[in-house]
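Peer 1: Sequence:
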Amino acid sequence: RCRSTPRAHHHQQLKSIMSAVRLSDSERAYIADGVAQGIRNDGRGAAEHRPLRVALGCVPQACGSAECIVQGAGATRSTRAVCAIRADIAQPSALRPGCGLVSVRVDASGVVSGRDWVGGGKDGENLGATYAKVLERVILGVDGDGPAVAGASGDRMMSSVSSSVTSTAAIDLESLCIQPGKACWLLAVDVVAASDRGSMIDAMSIAVRAALADAKIPKVTIGAVGDDAGDEVGELEVDDDPDACSRIDVSRLGVVVTTSKIGRHGVIDATEDEEACAESTMSVAVDREGLICGEFSSGVEGLDRGTATAMRTLARKVGVELIEKMDAYLATAMANTQGRVNGDEDEDEDDEDDEDARVMVVPLPELDE
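Residue 1 is where the sequence shown starts when you use our numbering, and the numbers rise one by one after that.
Since the hints were made in silico from the structure, they are not lab data. Don't take every hint at face value.
Straight-line alpha carbon distances no greater than 25 angstroms define the calculated SDA-like cross-link-like pairs of lysine to any residue that follow [unchecked claim]:
{"no.": "1", "residue 1": "Lys317", "residue 2": "Arg305"}
{"no.": "2", "residue 1": "Lys216", "residue 2": "Glu27"}
{"no.": "3", "residue 1": "Lys317", "residue 2": "Gly306"}
{"no.": "4", "residue 1": "Lys219", "residue 2": "Asp243"}
{"no.": "5", "residue 1": "Lys219", "residue 2": "Ala183"}
{"no.": "6", "residue 1": "Lys317", "residue 2": "Gly45"}
Hey, can you work out the whole structure from these sequences and the hints?
Peer 2: What follows is the structure, given as structure tokens:
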């Protein structure tokens, strides 16, 4: 059986209990009956995402940023996550002196204190720590207390999935090294859960992947030191020329796809109301090859082996399709950005087209007649 963490389990219980007050028994029965018949209350099938909107460069002060919106019926019914990347120079870990560092922080206070079913404070801190642990696993492929992580917090909550789980980092940490054992880049990944109307961790993982792809790492030149300088690091000169910046390869970085079990059926990208009706949920981190980077589950019921396998298979299929669309979008967006840096942009009338190229919209799939 898949394990669930105390914090994630407590958060799921709060959502279910308080949403039960908002949903009547007939409404819950209607949602469950629709899932059983393969038509959800918003018209989607079991394996269909809500429309997605991803925009790059939403935080100008960051070296890379992205916003992901899972669009519901109206702006107030949408899930929204924002990620900003900051690159700082730090000292590498003694255990991995030739690698850079990654720190993930998640601010979930807004989705806790802003909802009508629970107060803020410590619950928001716990939830943020849980989300950060998931995202660390997606990026690094190791537990959050591994040597490549800086400043991580939260309980261990990833459950193993035999040999199908990859344990290697999804980004090249060695490319973040400036001088082995002395200086490296520390990527501070700051995520804000702005609005939670279902599938919050999915939206955050998409925002993180897009923000890392958008990140520009400055070129660093190491100045010479005298013969008697010992182990001292030469003066580091950071080049502010955009053309000299390097990019982070996110081709192996996965996204999280959450499957919710309602009755005997699993659905992708559950809405807030569907989450209230779910007995269990499984969030699976999947890369573009369909390999599982990690997973965790929560809910009032455990998952038997057969159900967990079916939910995992569904998540892998949807995750691969989503990454394919993201990679095509990111390739276009990066090419558009390079053109602007090189002065290839057209006049003002083409500026809107340039901005559109940095926004990905995945529409709702059309239903079969």
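Peer 1: So, for every hint listed, does it hold in this structure?
Peer 2: How the hints compare with the structure:
Taken as a hint, the lysine 317 and arginine 305 pair is honoured in the structure, with Cα atoms around 18 angstroms apart against an allowance of 25 angstroms. With a C-alpha separation of about 48 angstroms, the suggested pairing of lysine 216 with glutamate 27 is violated against the 25 angstroms cut-off. At roughly 17 angstroms between alpha-carbon atoms, lysine 317 and glycine 306 fall within 25 angstroms of each other, so this suggested pair holds. For the given pair, lysine 219 sits about 9 angstroms from aspartate 243 by alpha-carbon distance, which is consistent with the 25 angstroms threshold.
A distance of roughly 13 angstroms separates the Cα atoms of lysine 219 and alanine 183; the hinted pair therefore holds under the 25 angstroms criterion. Of the pairs offered as hints, the one joining lysine 317 and glycine 45 holds, with about 14 angstroms between alpha carbons and a cut-off of 25 angstroms not exceeded.
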